[in-house]
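A.B. asks: Build the full structure now, drawing on both the sequences and the hints.
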Amino acid sequence: MEATLTTDILFYLFSAAILGCGLMAVTVKNLLHSAIALMGCLFGTAGLFLLLDHEFVALMQILVYIGGVVIFIIYAVLLTTHLGTRYLPASTLKYISGVTLAAIVLGLVLHIDPQATHTAVNPDRTATTIDAIGYRLLDGSTNGFLIPFEVISVLLLSAMIGAATIAKHQKPGATNDEDETGGSAS
Amino acid sequence: MDTSTHQPVQQSVAERLDPHTATTPLGDWVRELCDAPDGGNLLSMTINVIIIIIAICAFSSLTAMVLVWMERKLAGRFQRRLGPTRTGPFGLLQTAADGLKLFLKEGFRPNASDPFTYYLAPLLPLTGAFMVLAVIPFGPSMWIADPELGLIFISAIAGLGVLALLIGSWGSNNKYSLMGGLRAGAQAISYEVSLILCFLLIVLASGETNLLNIVEGQQGNFWNWWIIKLPGAGFIAFIFFIITSTAELNRTPFDTTEAESELTGGFHTEYSGIAFSMFFLAEYVHMFIAAAIGATLFLGGYNAPFEFLPDGWWWLMAKSYAIIFLYIWFRWTFPRLRIDQLMALEWKFLLPLSLINLVFAGILIAMGWIL
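If you read the protein sequences in the order shown, they are chains A and B. So the first sequence is numbered by our numbering: it starts at 34 and just counts up by one. So the second sequence is numbered by our numbering: it starts at -1 and just counts up by one.
The hints are all genuine.
Ranges between beta-carbon positions, derived for each pair:
#, chain 1, residue 1, chain 2, residue 2, range
1, B, Thr21, A, Gly177, 38 to 46 Å
2, B, Gly74, A, Asp86, 51 to 59 Å
3, A, Thr125, B, Ala56, 51 to 59 Å
By construction, these hints were calculated from the structure, which means they are not laboratory data. Don't be surprised by glycine CBs; every beta carbon is placed ideally from N, CA and C.
C.D. replies: In structure tokens, the structure reads:
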């Protein structure tokens, strides 16, 4: 994508959305409102990825982070009680540690890329197709990501098995057969 | 993988317009009027975008009106009644009367509810519906956006549909709403897995994520549609798609989120007037969208069932309405599932079988056993 006035305006719009929503996510008292602000922040990030011609990453941002993580946060919030009536005040120590962490991250970013080109789009980069991502992920050579891909698959599988084991309701005296048929038996 | 072997009839329709670059007469006329016949300038783009927005809004409202009428009429027929007959010919104005009634009702917000989330929730479902409508190819030159990753876009946006239910149910501050919202969340997250596996099967078969290319890959006669072209696997995937999309739409037999006899209306218990009608409208637009996606992926989209017939949006409409008839038929035939039966159906039956079907389809494609 070429850098034009439109992309510049879009870049500042998305950046403003990310900053505003991010600030809201950490300052708003109601936890559900913070989750919604976090969603806006992630949508802004997806927009920035679109400006950089990374459609796939943008859509994954929506699918995984908003459709997965934020929905699970909201789901967990829904299971809590007294959300709208009682707030836990954040301690000064937490404020200090949060600001310190943010400063460290900012310093790292500036240290890694001191000559950051301040343009909204990268004109040299061509659009990444989903085919290219697929081939790169399954490429066994030094340039590919076959081993990380497989390791992440194993990690996710073990996480799923662990979750299923924890969620499995163990009734004293219940046989395995009854467990497996579950509700469909009755 | 060489995908060109899957499209044996591509040559016979070489004189067709390229669907990716085809334009509509209306858009051309606007561009000509703004002195920008090729490409377009800022003025013509603005006018065209406004026309598109008006078209989507009009189409959504009209579709919802027709579908509500169709549902009431068919419900009547399934129960040996006549359905609405008095408002207009064949009761066609019944939906307009319903809509007018809803607009005139008082918008009532419970005192203990949370205003921000309560008023945010009704806006979200229709927003998602508009975003998905924008990428559905209605005809060779009738589409709004043509993203390379159309199918992934649809799965990403469809996954957000449950947000409105969760937020609205919490914002209402009502235990029935909250129960409905929790059920909706569990149901949507579970059934989304199988739905995306159905999408994945089509991506595997056609080698494309672009919706226009998926439709173009099914050109020719009706046996070139993926439901028949992939022997067995396509039909099984289509049945799974119908089941999972019914669940994603929260329609009977999967409407545990608003089960009237248990939850007095579920997530929208506390909504009235225009806020309720937003949910109601979006529900029917979503039904059309689900049917249109099913028709696009499995039934050839806007392609005619026989080669000598002209292609066009009317075929997509006919196929979509056939699937919608199925959804309505389900609703008035099957009893509601219990929530645990619902979960068991997905995790113990649909998900394993979808995975097996995906492997089966992969073997068919790898061996070239395609019609």
